[in-house]
Structure formats: structure tokens, C-alpha cells
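Keeping the supplied structure of chain F fixed, place chain V upon it in accordance with the hints.
2 protein chains.
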Amino acid sequence: MQIRTSTAEDWPGIFGFYQKIMDEGQTYAFPKGQSLEEARPWWMEPPPGQTVVAVDNGRIIGSAKMGPNKPGAGSHIATASFLLDREARSRGVGRSLGRYVIEWARQENYHGIQFNAVVETNEAAVHLWQSLGFAILDTVPGAFRHPTKGLVGLHFMFLPLESATSPEH
Amino acid sequence: MQIRTSTAEDWPGIFGFYQKIMDEGQTYAFPKGQSLEEARPWWMEPPPGQTVVAVDNGRIIGSAKMGPNKPGAGSHIATASFLLDREARSRGVGRSLGRYVIEWARQENYHGIQFNAVVETNEAAVHLWQSLGFAILDTVPGAFRHPTKGLVGLHFMFLPLESATSPEH
Chain F
1 MQIRTSTAED WPGIFGFYQK IMDEGQTYAF PKGQSLEEAR PWWMEPPPGQ
51 TVVAVDNGRI IGSAKMGPNK PGAGSHIATA SFLLDREARS RGVGRSLGRY
101 VIEWARQENY HGIQFNAVVE TNEAAVHLWQ SLGFAILDTV PGAFRHPTKG
151 LVGLHFMFLP LESATSPEH
Chain V
1 MQIRTSTAED WPGIFGFYQK IMDEGQTYAF PKGQSLEEAR PWWMEPPPGQ
51 TVVAVDNGRI IGSAKMGPNK PGAGSHIATA SFLLDREARS RGVGRSLGRY
101 VIEWARQENY HGIQFNAVVE TNEAAVHLWQ SLGFAILDTV PGAFRHPTKG
151 LVGLHFMFLP LESATSPEH
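Protein sequences appear in the order of chains F and V. Taking our numbering, I'd label the letters of the first sequence as residues 1 to 169. Taking our numbering, I'd label the letters of the second sequence as residues 1 to 169.
If we strip away everything but chain F, and leave its shape as in the complex, we get:
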């Protein structure tokens, strides 16, 4: 399994599981029913961010997007999002993508990584991020309409990074 920066040609391969995950509606507050072209800017991140793909035997089985959480005066904090094809779960692909993002954010001199909306019932994700050092900052109660569990909370999670080499980033 290899993680590499995506190209525009990778998008249809990512979209296969993007579409399934958004239609299931258990983990992302994203629009449903998007076409291939409507969804593209929601996942394919422009510079200074990037989107990467996890490739196994030539097939895209996961993806992460990463970049500044905010523009301007908030651009030294990164954020990221993750998607895994169903058969890639429980195989360490999420962990590898998480580690990749942390290393990328360090190299780009971000001061920390913030997740803005981790669905509290997505325990696999919450535990994975905690095991990589993220803490739950707080939870907005009932902020997510889960298709089977009703209104559940959204966690903010945060990982501070070691002091950057460039204070002016």
C-alpha cells in the first residue's frame, strides 16, 4: 500500500467510495446526491493543501485531504478529512493516512491539526485519532443527524505540533 499525492485523474476512483460514504450519511455533514463534478471541489484540495490517495495493487482504497483550517490569520492550523473504501477498513489504511497527514503538517510548519466535526458515534475514527495524539476539545451536542441514531454530537479534536521551524508560517 502506497500513499501519494493525487492527480486530477484519480478523482473518479475516489468518487466511488466518496459517494457511498456520503449516501450512507453516518460520518460526514456533506451534501448528498452530488454528481462526480459537483463533488470534486469538496474533496480535491487546491494548494497550499493537497489530496492524497492510498493505492493498493493499483487500486485507490482510501484518500485524505489536508490544508489550512482557515485562511489568513488562521492558516497556521491545519485540518484534514479521510475516506476509506469499505474493504480498506480495519487494515491500518486509516492509521497510515493519519500518520501521513501529521507528518505533512509538521513539514509544512503548521502549529497544530484541528478536526472540526468528528461524529461521536464514529468510534473507530475517534479512537484512531486519540491513539495518534488528538484530544477531544469539546463536543457540540446533537449537531449531527445520524440516519439511524438520531441527533448525535460532533467532536472538535486537536493535535498540537512541536514548535515550528518558522515562526512566521
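It cannot be assumed that every hint is accurate.
One copy or two, either will do: identical chains are not told apart, so a pair holds if it fits within one copy or between any two.
Said to hold, decoys possible - Taking lysine-lysine pairs in the DSBU-like style, the calculated list, with each CA pair at most 30 Å apart, reads: (1) Lys-32 to Lys-149; (2) Lys-32 to Lys-20; (3) Lys-20 to Lys-149; (4) Lys-20 to Lys-65; (5) Lys-32 to Lys-70.
Source of the hints: derived by calculation from the structure; they are not laboratory data.
Leaving out everything else, chain V in the frame of chain F:
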């Protein structure tokens, strides 16, 4: 002083203080140096949200934008942002705009209002939102580069609203 829904023609009047506030860089993690047209989609909110203006003697002295904080499964929580022309400050215009947004969110059956990035040194704003019932959920340390105070925190603030009339909003 009157608060009303904005029209496209109001944007140049809002942009006058939008530009000053973003250039000062003390309260918003927005891009700097935007042109009138670049900045327009950053402030003029499409439906189901809206942008309103506070008008005094025919002059726009403040503005607020409001809408769903997230699409899809998170669209029942609102968010909002506020701008005041310098001479409108300490005159209750911010409080009137805040009350307007809360009333709008109630009528639209939102379950709560979330502010994602209140600069902790912007004490007038923090105190105003607290006086209107918002609580600081948590603070991301050092997430905002203040032009004179260095790295300061960003508060998440939240106001739960009474149970909505429509549970399916």
C-alpha cells in the same frame, strides 16, 4: 436604525468596512487584500442563509451573515458572522444584529447557533455573545495570528435554541 435583508446592491456599502476590518486583521481569519468581487461570496450568503444590513439614516453601518453551519446532516445548526463600521460600535448595533440572528435561527427551526472562531482578544464580541446566552465551548490555543498580540486563541461558542417546532428540520 433598521435591520433588513440585503440586496446585491448593498455589497459595495458593506465592502467599505469589510475591507477595513479584514485589513486590520484583528477579528477574522479571512483573506486579506480581496477585491470587491473576490470578497463578495465571502460575505453575501446564498439561501437558505442570508446577509442582513443595519441601516441608519440611509447608510449601511453594520452587517451580519447567517446560515447553516454545515450542509447535509449538520444543517440544523446555524452559524453567523458580524461586521460593524467603526462609528457603529458601542452603539448597540452589534447587539441588535445578534438578537436578529437568534430570532431568525429560532424561526427557521435551527437547534442551536455555533460560532467557530471568535478571537479571544476580541473581548467586546465575547462579552456580547455571552450576554446573549452563548457559552464558550472551548478554545483552540494559538489558532489566530493577531497583528499586535501574537498567537491568540479562537473560541468556539454555542447557543442551544428551544426545541424546534419541526423535528425534521
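Against the structure, the hints come out as follows:
Taking the closest pair of Cα atoms, Lys-32 and Lys-149 come within 30 Å of each other only inside a single copy of the chain (18 Å); across copies the shortest separation is 42 Å, beyond that limit. Taking the shortest alpha-carbon separations for Lys-32 and Lys-20, only the intra-copy value of 10 Å comes in at or below 30 Å, while the best inter-copy value is 38 Å. Within a single copy, Lys-20 and Lys-149 get their C-alpha atoms as close as 19 Å, which meets the 30 Å cut-off; across copies the closest is 46 Å, which misses it. Taking the closest pair of Cα atoms, Lys-20 and Lys-65 come within 30 Å of each other only inside a single copy of the chain (17 Å); across copies the shortest separation is 33 Å, beyond that limit.
In the homo-oligomer, the alpha carbons of Lys-32 and Lys-70 lie at most 30 Å apart both inside one protomer (24 Å) and across protomers (12 Å), since each shortest distance falls under that limit.
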